[in-house]
Amino acid sequence: MIAPNKRNVRGKTRGVILDKLIEANGGKPLPITIKPSDGKKIGKYYEKLSNEIGLTVRQHAPVRVEKWKQMPRAEINTMFDRIKFFPCLTMKEKFALDLTQEHVKKSLEKQLSDRFRNWRCDLHKHFKKFPTVVEAKRNPHKSVSNQEDWDYLCDRFSSEEFKVKFSMNNHSNLFLIEYSTNYIYIIFNNNYYYNVDQQTIQ
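To convert, count from 1 in the sequence shown and add 9; that's the numbering used here.
Be a bit skeptical, because a hint or two may be false.
Said to hold, decoys possible - With a cut-off of at most 25 Å between alpha-carbon atoms, the simulated DSS-like pairs for lysine-lysine come out as follows: (1) Lys137 - Lys76; (2) Lys115 - Lys146; (3) Lys119 - Lys49; (4) Lys101 - Lys137; (5) Lys115 - Lys134; (6) Lys44 - Lys57; (7) Lys76 - Lys37; (8) Lys151 - Lys134; (9) Lys115 - Lys49; (10) Lys134 - Lys101.
Just so you know, the hints here were simulated from the structure itself, not pulled from any lab data.
Kindly produce the complete structure, drawing on both the sequences and the hints.
This is the structure:
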């Protein structure tokens, strides 16, 4: 059994649409072909699958996991099931996906990881809209219904460790000015200086 949505955003409407498509398909799950050679998805229902993957990430991915490589395998497998099945006792299938095939799982996980990264970026962009952390906490992103989770993200996004990691991913915004045994000294275009333990940014 798959539990109901944790962050139910358009879930019921989406389920009705998929139900109608399945009914039009003779009551069978929507066929999806994933090529073993390159993992590309083909077929007229590819867009529906892509939408389902994005919504699954926004509704069910744990917000306190910062990177996909840190995502517990159990969570990934649960997301696979949420993509394939409706959340009900009968385990009714949405899409005809053979999750026993490695190339199918690999293709789905690649798209899940891409959507997860994009979602995390959206959360950070939303946080940056507000002048203070307090104000940001009062205005959670629409995909994060749990206030404690949003508070956690705001605290994380405002931490010096996160700021350094984020800025180091954007090389146009920083210059490395000194590298010592224990510390890295960084200057940003906005003239803020940071003295960071090397382990912080690894």
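Hint check results:
| no. | hint | result |
| --- | --- | --- |
| 1 | Lys137 - Lys76 | 19 Å, holds |
| 2 | Lys115 - Lys146 | 36 Å, violated |
| 3 | Lys119 - Lys49 | 11 Å, holds |
| 4 | Lys101 - Lys137 | 41 Å, violated |
| 5 | Lys115 - Lys134 | 29 Å, violated |
| 6 | Lys44 - Lys57 | 17 Å, holds |
| 7 | Lys76 - Lys37 | 36 Å, violated |
| 8 | Lys151 - Lys134 | 13 Å, holds |
| 9 | Lys115 - Lys49 | 11 Å, holds |
| 10 | Lys134 - Lys101 | 37 Å, violated |
Taken one by one, the earlier hints fail for this structure at numbers 2, 4, 5, 7, 10, listed in ascending order.
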